[in-house]
Structures are given as structure tokens and as C-alpha cells.
Amino acid sequence: MAEAYQEVEKRINKACNSIKGQKKLNFACLARDFNVPARQEKKQADKQAEQEL
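When we follow this note's numbering, the leftmost residue of the sequence shown carries the number 3, and every step to the right adds one.
Rather than coming from a laboratory, the hints here were simulated on the basis of the structure.
As the structure is a prediction and not an experimental result, all values here were calculated from the model.
Each hint should be verified, as a subset may be incorrect.
The following label-pair restraints were derived from C-beta to C-beta distances [to be verified]:
#  : residue 1 : residue 2 : range
1  : 9         : 31        : 27 to 33 Å
2  : 26        : 6         : 29 to 35 Å
3  : 20        : 52        : 29 to 35 Å
4  : 9         : 50        : 28 to 34 Å
5  : 6         : 41        : 30 to 36 Å
6  : 26        : 52        : 14 to 20 Å
7  : 54        : 31        : 20 to 26 Å
8  : 28        : 52        : 18 to 24 Å
9  : 53        : 12        : 15 to 21 Å
10 : 50        : 6         : 19 to 25 Å
11 : 49        : 28        : 15 to 21 Å
12 : 48        : 7         : 15 to 21 Å
13 : 54        : 6         : 17 to 23 Å
14 : 19        : 41        : 27 to 33 Å
Cβ coordinates follow ideal geometry from the N, Cα and C atoms, glycine included.
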């Protein structure tokens, strides 16, 4: 059974929060560590970075 979208979003947000302040990011490693799709992780991190500017 597929996971609920909200659960994946929670993990993506946790992953994004864990990388704040880091200069060199490894999205593949983050995706593995937090069990999230790498593309979604990168997209969300880019979105959060834009909002911080």
C-alpha cells in the first residue's frame, strides 16, 4: 500500500531542516537517510532556499 503523501512531506521537511546552513549538499544521501525521493527532496530544498532570500 502506498504511503500517505503527508508522511513523505513530513520526512522531506525534516531532511530540509537538517541541511540548513550547509554549503555542499548531497541530495542522494539525504534521500536515503530520510527515505524520500531524491527529486522531491531537491525540489523542496530549492523552494525553501528561495523563500529565505
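Here is what the structure says about each hint:
1. 9 - 31: 27 to 33 Å: 21 Å, violated
2. 26 - 6: 29 to 35 Å: Once the Cβ atoms are compared, 32 Å apart, the range 29 to 35 Å for residue 6 and residue 26 holds.
3. 20 - 52: 29 to 35 Å: For residue 52 against residue 20, whose Cβ atoms are near 19 Å apart, the range 29 to 35 Å is violated.
4. 9 - 50: 28 to 34 Å: 19 Å, violated
5. 6 - 41: 30 to 36 Å: 19 Å, violated
6. 26 - 52: 14 to 20 Å: 19 Å, holds
7. 54 - 31: 20 to 26 Å: 22 Å Cβ-Cβ, so the 20 to 26 Å window holds.
8. 28 - 52: 18 to 24 Å: 20 Å, holds
9. 53 - 12: 15 to 21 Å: With a Cβ separation near 18 Å, residue 53 and residue 12 satisfy 15 to 21 Å, so the hint holds.
10. 50 - 6: 19 to 25 Å: 21 Å, holds
11. 49 - 28: 15 to 21 Å: 18 Å, holds
12. 48 - 7: 15 to 21 Å: 19 Å, holds
13. 54 - 6: 17 to 23 Å: Between residue 54 and residue 6, where Cβ atoms are some 28 Å apart, the hint is violated.
14. 19 - 41: 27 to 33 Å: About 19 Å separates the Cβ atoms of residue 19 and residue 41, which means 27 to 33 Å is violated.
The structure is inconsistent with the numbered hints 1, 3, 4, 5, 13 and 14, although it conforms to all the rest.
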